[in-house]
Amino acid sequence: MGLKQVSAGRIARETYKIDLHDEDLMIALAGNPNTGKSTVFNSLTGLKQHTGNWPGKTVTNAQGKYVHRDQRFVLIDLPGTYSLFANSVDEEVARDFICSGEPRVTVVVTDATCLERNLNLVLQVMEITDHVVLCVNLLDEAKRKKIQVDLPALSKILGIPVIGTNARDGAGLEALKDAVYQVAMGQIQTAPLRIRYGSAVEECLNLLEPIVKGIVDKNVNRRWVALRLLDGDRDAEALFTQLPFFRIRESKELSDALALADQMLLEGHLDRGSLRDHIVTCIVAQAEEITQRVLRCEKQNYNDLDRRIDSVLTSRIWGIPVMMALLGLVFWITIKGANYPSQILGTGLFWGQERLTQLFLSAGWPDWLHGLFVLGMYRTLAWVISVMLPPMAIFFPLFTLLEDLGYLPRIAFNLDNYFKKACAHGKQALTMCLGFGCNAAGVISCRIIDSPRERLISIITNNYVPCNGRFPTLIALATVFIAGELGSHQSVIASLIILAAIVTGVMITLIVSKLLSKTILKGIPSSFALELPPYRKPQIGRIIVRSLYDRTLFVLARAIIVAAPAGMITWAFANIYIGDLSILQYGANLLGPFGRLLGLDGFILMAFILGFPANEIVIPILVMSYMSAGQMTELDSLQALRELFLANGWTWLTAVCTMLFCLNHYPCGTTLLTIKKETQSIKWTLITFAITTATGIILCFVVAQSARLLGLV
Amino acid sequence: MLDLGLICGTRVEALQKSPSGDTVAYEIRGAVIALRSEEASQILVELL
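Sequences listed follow chains A and B, in order. For what it's worth, our numbering labels the leading residue of the first sequence as 1, then goes sequentially. For what it's worth, our numbering labels the leading residue of the second sequence as 1001, then goes sequentially.
Careful: at least some of the hints might be erroneous.
Facing chain B, according to a computed beta carbon distance under 10 Å, are these residues of chain A, among others [unchecked claim]: (1) Thr504; (2) Leu591; (3) Leu686.
DEER-style ranges, computed between Cβ atoms [stated by the list, open to error]: (4) A:Thr519 - B:Ile1043: 48 to 58 Å; (5) B:Ser1041 - A:Gln639: 51 to 61 Å; (6) A:Asp550 - B:Ser1041: 34 to 44 Å; (7) B:Ile1043 - A:Gly523: 57 to 67 Å; (8) A:Ala325 - B:Asp1022: 34 to 44 Å; (9) B:Gln1042 - A:Asp231: 20 to 30 Å; (10) A:Glu23 - B:Leu1048: 49 to 59 Å.
Below are the PhoX-like pairs computed for lysine-lysine, each with C-alpha atoms no more than 25 Å apart in a straight line [stated by the list, open to error]: (11) A:Lys146 - A:Lys336; (12) A:Lys156 - A:Lys143; (13) A:Lys518 - A:Lys421; (14) A:Lys537 - A:Lys146; (15) A:Lys676 - B:Lys1017; (16) B:Lys1017 - A:Lys421.
These are calculated hints, taken from the structure and not from any lab test. A virtual CB, placed ideally from N, CA and C, is assigned to each residue, including glycine.
Can you build the whole structure from these sequences, using the hints too?
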């Protein structure tokens, strides 16, 4: 042929950075978003990829390994897509990967409760490759809705193995592994159903297929290539850039045949403009026809319950109040529940500090060593653990519960028009939800937005959602300072304050998005469709394990890694004197006047600057700066914190401004690095830094000065 | 749109308008899809 054969696995290794050994068989996992694809992936490979009940979780290729019947398999989790027409980056990635010809088998995961639409993708995958296994997942949900799928009939119609699974409890996975093994080893010969596109198109395909055979260098389905040539860009060079993984030789024969095909299409009342619609219509009609043959619903309105829930959760009157109430409830449970364990942890850890001090004293180690390790490192760690761990261990499972139920897309739906008015993408609300956990994760999740302009807006504004690193700061300040001032019902008032902080954050997000859309990121919102997935029964056990293991411990570990050195550095800064003043005091004095303009003080600003690596350590640094500046109290309760702050001249205004600045300042180091990576641009990273910080400075300045002018403090 | 299975002759049911207005949730082939008015207005419908 004169064309170079691409060696097996090379694309996978080089383009997708897949860790592939020669004896490994590569399996691709495709499917619509939100069909439990990630759960299937996790169950097969034992990896703990985070799953959630909203579309677009798999934002990047994930790979995992498993062994079945002594054969090693590498499983690649492709992004969830509705089709393979390459309308989005995700679709392009999925299609390119499948048609690279390298996956030995492609498993398509489908949702049994929504089979018809899912079959669209199945039919399209079957056009590219013969080696397909269909996994009909979520059978328990289907059963609950009294939907029955005739799997053997479906398998017969499609000509490929069809396996029913319920990946969440592992049912059917062995059968799935068997089927994959058999197809991969050629023990099962598949005979995929071919979609018929009507006589005009079929004649064109008959004309093109033999020509394609001579000029394509890979074992890709020739009918599919012919269809793409007919449908897409005609010249082979363009197709090559579209489909990077195989080569089509320029040939006069091909261009002649394509010209002839155009004629034939016209005779069939089709032209290039209407051909795509015609093709999709044929696929959808085929899916519809198959569904009618294999699906039986005992109940006509099997989605009634979902509709009824939605009619409250997304209703015009109740939608937003219920959303607020739910969030408020989550915060209240977090604050109320975290109070007691925090105290116990605090008491225990500070008891430990005394023992350590005794140890250092009795061993006769120098003071500076004691200061650095016990007063600096240990105390910061103790604070981070006792104040951060309990709220996180409560907040994350609750939030994951909402995610698992399928509530997050409803939040996006409820707020969509506000985002539209801000010229932003509707899915931005989803990325903000992820920002609650960690802004770096939120920034990565912005990949679900295809339009580069709207993606940048989401990335820049993601930091206005307080991540878990800033939650404890907000909770501590709200509880001890503002709610404490008012006496009773502390946790209720604190919850309301946090809720107000979130609403402020959302409003700032909308305003900044709008401003960006009108200035440096001009444009109108791109089109999109947001799927509101069916509500699903949450898996309580998994939620707890997942949210504690994946999120809580992960975040805590990161906080500890950062807090340990930061605690030592801060102690050193606070205790190394130049002349009469410590380094910390020099800094604080320098920043003091500016801080006071913003309703803060020099130490608070120093704490935010030193807290750049991770927001979690802002309060511990602040506490240390205050304590080293004089009062050596034992800080074992939130009440003590309040007294320490009061002694350093705090008022309610200082607390409000600190909370506002906490909500609106530069993203932490990790998030900035992520932004740099995602935008591939130092410019946008710096712009994000500048915009978020400016927001905080302006906001604090306005609030502090207004309060002072009005004589409120 | 076509990806959602929205082809000529598909039955669509409008379910719910978003509390913030404009966006409407539709039932299309068993799935609930929210569309903004810009997109929805490009679909010709006939009352059943």
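So, going through the hints one by one against the coordinates:
{"no.": "1", "hint": "Thr504", "result": "violated (18 Å)"}
{"no.": "2", "hint": "Leu591", "result": "violated (41 Å)"}
{"no.": "3", "hint": "Leu686", "result": "violated (32 Å)"}
{"no.": "4", "hint": "A:Thr519 - B:Ile1043: 48 to 58 Å", "result": "violated (33 Å)"}
{"no.": "5", "hint": "B:Ser1041 - A:Gln639: 51 to 61 Å", "result": "holds (59 Å)"}
{"no.": "6", "hint": "A:Asp550 - B:Ser1041: 34 to 44 Å", "result": "holds (42 Å)"}
{"no.": "7", "hint": "B:Ile1043 - A:Gly523: 57 to 67 Å", "result": "violated (24 Å)"}
{"no.": "8", "hint": "A:Ala325 - B:Asp1022: 34 to 44 Å", "result": "violated (24 Å)"}
{"no.": "9", "hint": "B:Gln1042 - A:Asp231: 20 to 30 Å", "result": "holds (21 Å)"}
{"no.": "10", "hint": "A:Glu23 - B:Leu1048: 49 to 59 Å", "result": "holds (58 Å)"}
{"no.": "11", "hint": "A:Lys146 - A:Lys336", "result": "violated (41 Å)"}
{"no.": "12", "hint": "A:Lys156 - A:Lys143", "result": "holds (22 Å)"}
{"no.": "13", "hint": "A:Lys518 - A:Lys421", "result": "holds (11 Å)"}
{"no.": "14", "hint": "A:Lys537 - A:Lys146", "result": "holds (15 Å)"}
{"no.": "15", "hint": "A:Lys676 - B:Lys1017", "result": "violated (38 Å)"}
{"no.": "16", "hint": "B:Lys1017 - A:Lys421", "result": "holds (16 Å)"}
The structure is inconsistent with the numbered hints 1, 2, 3, 4, 7, 8, 11, 15, although it conforms to all the rest.
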